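Peer 1: Chains A and B supply the protein sequences, listed in that same order. For the first sequence, our numbering gives the first residue as 78, with consecutive numbering after it. For the second sequence, our numbering gives the first residue as 78, with consecutive numbering after it.
Mixed in with the good hints, there may be bad ones.
Which copy is meant is left open, because identical chains are indistinguishable; a pair holds if it fits in one copy or across any two.
Said to hold, decoys possible - Derived pair list, reagent style EDC-like, types lysine to aspartate or glutamate, alpha-carbon separation capped at 16 Å: (1) 333 / 298; (2) 435 / 188; (3) 368 / 328; (4) 305 / 238; (5) 435 / 185; (6) 331 / 117; (7) 526 / 477.
These are computed hints drawn from the structure, not numbers from a lab. None of these values were measured; they are calculated from a predicted model.
Protein chains: 2
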Amino acid sequence: MEKLKILLSLIFLLFLTQTIFAQKKSVDLIVSGGTIVTMDAEKRLFENGAAAIQNGEIVAVGKALDISRQFAARQIINASGKVVIPGLVNTHTHIPMTLFRGISDDLDLQEWLTKYIFPAEAKNVTEDFVRVGTRLGLAEMIRGGTTTFCDMYYFEDAIADETAKAGMRGVLGETIIDFPAPDNKTHEQALAYTEKFVNKWKNHALIVPAFAPHAAYTVSEAHLGNIKKSADRLNAAVVIHVAETQTEVGDILKQKNLRPIEYLDKINFLNNRTIAAHVVFANENEIDILKNRGVGVAHNPQSNMKLASGVAPVPQMLLKDLPIGLGTDGAASNNDLNLWEEMDTAAKLHKVFARDPKILTAEQAFEMATIRGARALHLENLVGSIETGKRADIAIVDFDALHQTPFFNVYSHLVYATKASDVRTVMIDGKVVMRDRRLLTLNENVIKKDANAYQKKIIESLLR
Amino acid sequence: MEKLKILLSLIFLLFLTQTIFAQKKSVDLIVSGGTIVTMDAEKRLFENGAAAIQNGEIVAVGKALDISRQFAARQIINASGKVVIPGLVNTHTHIPMTLFRGISDDLDLQEWLTKYIFPAEAKNVTEDFVRVGTRLGLAEMIRGGTTTFCDMYYFEDAIADETAKAGMRGVLGETIIDFPAPDNKTHEQALAYTEKFVNKWKNHALIVPAFAPHAAYTVSEAHLGNIKKSADRLNAAVVIHVAETQTEVGDILKQKNLRPIEYLDKINFLNNRTIAAHVVFANENEIDILKNRGVGVAHNPQSNMKLASGVAPVPQMLLKDLPIGLGTDGAASNNDLNLWEEMDTAAKLHKVFARDPKILTAEQAFEMATIRGARALHLENLVGSIETGKRADIAIVDFDALHQTPFFNVYSHLVYATKASDVRTVMIDGKVVMRDRRLLTLNENVIKKDANAYQKKIIESLLR
Chain A
78 MEKLKILLSL IFLLFLTQTI FAQKKSVDLI VSGGTIVTMD AEKRLFENGA AAIQNGEIVA
138 VGKALDISRQ FAARQIINAS GKVVIPGLVN THTHIPMTLF RGISDDLDLQ EWLTKYIFPA
198 EAKNVTEDFV RVGTRLGLAE MIRGGTTTFC DMYYFEDAIA DETAKAGMRG VLGETIIDFP
258 APDNKTHEQA LAYTEKFVNK WKNHALIVPA FAPHAAYTVS EAHLGNIKKS ADRLNAAVVI
318 HVAETQTEVG DILKQKNLRP IEYLDKINFL NNRTIAAHVV FANENEIDIL KNRGVGVAHN
378 PQSNMKLASG VAPVPQMLLK DLPIGLGTDG AASNNDLNLW EEMDTAAKLH KVFARDPKIL
438 TAEQAFEMAT IRGARALHLE NLVGSIETGK RADIAIVDFD ALHQTPFFNV YSHLVYATKA
498 SDVRTVMIDG KVVMRDRRLL TLNENVIKKD ANAYQKKIIE SLLR
Chain B
78 MEKLKILLSL IFLLFLTQTI FAQKKSVDLI VSGGTIVTMD AEKRLFENGA AAIQNGEIVA
138 VGKALDISRQ FAARQIINAS GKVVIPGLVN THTHIPMTLF RGISDDLDLQ EWLTKYIFPA
198 EAKNVTEDFV RVGTRLGLAE MIRGGTTTFC DMYYFEDAIA DETAKAGMRG VLGETIIDFP
258 APDNKTHEQA LAYTEKFVNK WKNHALIVPA FAPHAAYTVS EAHLGNIKKS ADRLNAAVVI
318 HVAETQTEVG DILKQKNLRP IEYLDKINFL NNRTIAAHVV FANENEIDIL KNRGVGVAHN
378 PQSNMKLASG VAPVPQMLLK DLPIGLGTDG AASNNDLNLW EEMDTAAKLH KVFARDPKIL
438 TAEQAFEMAT IRGARALHLE NLVGSIETGK RADIAIVDFD ALHQTPFFNV YSHLVYATKA
498 SDVRTVMIDG KVVMRDRRLL TLNENVIKKD ANAYQKKIIE SLLR
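With the rest of the complex left out, here is chain A (with noise of 0.2 Å):
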């Protein structure tokens, strides 16, 4: 009789346990405690949330105490007073130019190119240049929280390896330009590497290669046909500056009797894997225009402020919900690649511009650094976002530094008074690449080492 109501027990604790454990799915991992910043459709915010991660995959978003019930993780990363934001998305660098910070300042873009950044790549940027610039950038931006980059440069394969080593999301574009590069001596050369490099890269889970046409004004009617050509074939990506400057509109019209994006949709090069960047100079109808074909654009606030180049007409594309992203451009002409100053000087630059303070919001200058930049580089489908069946690129930051207090509101808080700094932890694709300030898949103190012997080199070199 006893032995029969031990065994009754055990059962019903069987039973018992199995009810309260059976429905929790196992997971990799759970972001767990802080405010999660969704930036899905509905901008939900999650005060005490959660996410659930399997497979590098969002599963789950929600209260803390409902993903806890639903799913036990093998790492349970604690986000407690803190917030849980999409990783950060720059739109548009040269990230091995990183290694040309502050190389010159303050002068004429003529001056500035032709002086010292063509004599600089002339007689420097070779493979490991790339790679020793491109992993100093990499470090750079993850501990601002970025987690997805657009580049343009030579050398990308390298680049493109570089990125996935270091386990960060890359929209990588080899630079095709008119004159003899760093990499590519020819047009065609720089066609075939960029081929090959596309096939060799287009199935990675990080890399997205692709075709990076210099501009409109430094690669031919032609080149810019073979390039389209090639890319519609592979289906990859288009990087290309778009109407930076005056001077770049003003050609262009002397040359095709057509502004820029006009001469480009004439020319049939712009479709929804295009990303142009800077777009300063852009009338209503060539606005529609990038609008109708679904081009991203990367916009560049303080890289075209340095620059003396323009202000883009960014609450004009905003009002017609173009996908528009911020982008550092190259720290060459920045000098840095902090997405969160781009932020807070979108927000104030246009204000300013426009004389009106509502016209560009602090939400909206968040957007365009996470979900909208996702959507400008074509990625809206896999990041931007902390939502089901997204790609869990995540940025924990901290809310309470002492430049951080007191805090009203979470935009606001993130776009006006938060520091790249204050990021914490930072995770790509599931994998956690920096964890309380600490890099885990890139080396710090090398990184620098490499950088600063570089530093002697250019230095060296721009002296010859």
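We have chain A; now place chain B onto it with these hints.
Peer 2: Positioned in the frame of chain A, the structure of chain B alone reads:
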């Protein structure tokens, strides 16, 4: 014989010791080993430099080797690998409003003031609020290397008390406005308070007490006259908002048939003790008036952008060598007290606004944050540069963070790459107030706790 030899040896040794050490002057402190950015008239830089400090005064600046030959110090601060700069000068803020950081944003100025700022002030500003907010702002400023600030608020006597206790330097102006204020309800009360306040603090080593009539549109001509008379009699500084918005210009034009600066000059209000905040709207004639009267100007680029006020004619003022510094304005409208971002923004904003990348250089921006800012506050004989005879207000700044790598030019690096978080050690009047990022005169945790208690009160007060 043997004894004589020993005696002679001892005498010789004594002589030798004296010749070596006798000329070494004993000082309190030597900062040694970094690159000293003096911001003196010749803009001298000393690589591997040093500064000797005695009784809070800089008694020598030069190469570290020369300084070590001349001086022996009780304390040596090793600045190797860092830059040593004059403490930054924040020429305009409302320090207790740090408690309103992000209370509301992205609104029209009138809506922002009448719906949020004025009610929040009416319901919350007490002497205790002011003390808590001051400590919060002081801590943020010191952490960012600011050593002097110019303030305008209520209960300024309490602000002076907190500022002196924290060891910070301030030009502190009690606000006088033609409305009942949290501390004084009438003009007469405010004037009496301020006179008493000025008399109390005028001989303090760190505090410059000042009159702060709010603006020409909020203080009547008669009242401005009273303030001027009192300030003249007490030889006190006068802080005032001038020509911040187009509305203000329009109002004064309508009332006085003169533009704000013309009006203030006509009533003989301006002199070389005046500090004019903002000056967004000033024509050539008005700039000449400011120059001729010796008025100091506080330029607040980020606040002017965020509130969509406009872009001040800073390049024109610099051409005429006006004493113009940088200010953060209050954290309610910025939303921080970070002069590094103001430098960066000033340089970039004026470039894009003038479409000229040379119009305001990094060196000029850094000058505005240091020696020219000191001139704006009429304190150029005291602070703003590292040179013999000045008070030792000095910040030691890391120059090898990842986002600062590599390094090419010191001013470019300071303005375009360095962040507030790179400031390591700060001294004011020869006293170290932050060492290796640890505040020595303020308790960060208590400050945050107190500020967060007010955050709750402020939210509740706005719901009432």
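Peer 1: Since the copies are identical, ignore which copy is meant and state whether residue 331 and residue 117 lie within 16 Å (CA to CA) inside a copy, between copies, both or neither.
Peer 2: Answer is neither: 44 Å inside a copy and 50 Å across each miss the 16 Å cutoff.
Peer 1: With identical chains, the pair residue 435 and residue 188 could be close in the same copy or across copies; at 16 Å between alpha carbons, which is it: within, between, both, or neither?
Peer 2: Cα proximity of residue 435 and residue 188: across copies only (11 Å, versus 37 Å in one copy).
Peer 1: With identical chains, the pair residue 368 and residue 328 could be close in the same copy or across copies; at 16 Å between alpha carbons, which is it: within, between, both, or neither?
Peer 2: This pair counts as neither: shortest intra-copy Cα distance 24 Å, inter-copy 43 Å.
Peer 1: Checking an output row: residue 305 and residue 238, CA cutoff 16 Å. Within, between, both or neither?
Peer 2: For residue 305 and residue 238, the Cα distance exceeds 16 Å both inside one copy (25 Å) and across copies (68 Å).
Peer 1: Give the relationship of residue 333 and residue 298 under a CA distance limit of 16 Å: within one copy only, between copies only, both, or neither.
Peer 2: The answer is within: 10 Å in one copy meets 16 Å, while 61 Å across copies does not.
Peer 1: My question is about residue 435 and residue 185: at a cut-off of 16 Å on alpha-carbon distance, are they close within one copy, between copies, both, or neither?
Peer 2: between (32 Å within a copy, 7 Å between copies)
Peer 1: State whether the alpha carbon distance between residue 526 and residue 477 is at most 16 Å within one copy, between copies, both, or neither.
Peer 2: Between. Shortest inter-copy distance 10 Å satisfies the 16 Å Cα cut-off; intra-copy 33 Å does not.
Hints 3, 4 and 6 from the list above are not met by this structure, while the remaining hints are.
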